[in-house]
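Below are the chains, spelled out letter by letter.
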Amino acid sequence: MDNFQIPVSYYLVLSVLLFSIGVMGVLFRRNAIVIFMCIELMLNAVNLLLAAFSVLHGDTGGQVFVFFIMAVAAAEVAVGLAILIMIYRNVKSTDINILNKLKW
Amino acid sequence: MIHYLFYFLSFLAIFSALMVVLVKNPVHSVLYLIVTLFSIAGHYVLLNAQFLAAVHVIVYAGAIMVLFLFVLMLLNLNVETESHKSSWLKFMAVLSGGLFLLVLTASVKGSEKIHGVISGGSETGMIKTLGNTLFGEFMLPFEISSLLFLIAMVGAVMLGKKETQ
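Top line first, the protein sequences correspond to chains A and B. Here my numbering is used: the first residue of the first sequence is 1, the next is one more, and so on. Here my numbering is used: the first residue of the second sequence is 105, the next is one more, and so on.
Keep in mind that the hints were calculated from the coordinates and are not lab data. Just so it is clear, the structure is predicted and the values come from calculations on it, not from any experiment. Do not take every clue at face value.
[What the hints assert, rightly or not] The list that follows gives simulated cross-link-like pairs (lysine-lysine, PhoX-like), each with its CA atoms no further than 20 Å apart: (1) B:266 x A:92; (2) B:128 x B:194; (3) A:92 x B:265.
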């Protein structure tokens, strides 16, 4: 792995693409669980970029930040899915268009 | 040689990320997301951040994705129950996502400090250096994140409990 040489801009392009796919998915889908998955996708794009820049600068702080983002993502998913189960129990669907009481 | 691995992993990540958005069945979405997460773990290995890769696989593929699959199967969601937006809304979603991509690309292109080259064999991702930073400089945030987990656990249990009148 010692002859591995990649410009950091390649990682930037990859992360930007993954993040945009995540944004597109949030706008595209109506199932709340799939929207959660797209949020995970965005978090992972950011994580990848943080790790790449931490290796570029030889700074460990970036990778420690990735750990904290993972921790927050895990907590977010646990609480979010609990909320989704509550919603499903009440309206028998996870379609976000049914949940429009707060819309106007 | 390793360059091809980078391109292959990137292609796999982007392809399966697209499939997460495009497939109709939510269970298939979860499976494609697992493929994406594994390819990102491969990227971490390429960056010589083995500990990060291991934690990534354990936390995401082992915990978060199991949670997703569990909830999907608990709620019994599949293609029949899956509702879809009108094609006009889908078009607008793709358009705004593409515009977002354009804005991000433009802002990245404008910055000048992105010409560095990542070379393999860096010692940044080793467990020893990571542990020194995590338990030295970032000790307080580490402890606070344990508090966050406690709160999330209590919140999830409270929300998941059946309401008794």
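We went through each hint and held it up to the structure:
1. Restraint check for residue 266 of chain B and residue 92 of chain A: the C-alpha separation of about 15 Å stays at or below 20 Å, so the hint holds.
2. For the proposed pair residue 128 of chain B and residue 194 of chain B, the alpha carbon gap of about 14 Å is at most 20 Å, so the pair holds.
3. With a CA separation close to 17 Å, the supplied pair residue 92 of chain A and residue 265 of chain B stays within the 20 Å bound.
Of the numbered hints listed earlier, not one is contradicted by the structure.
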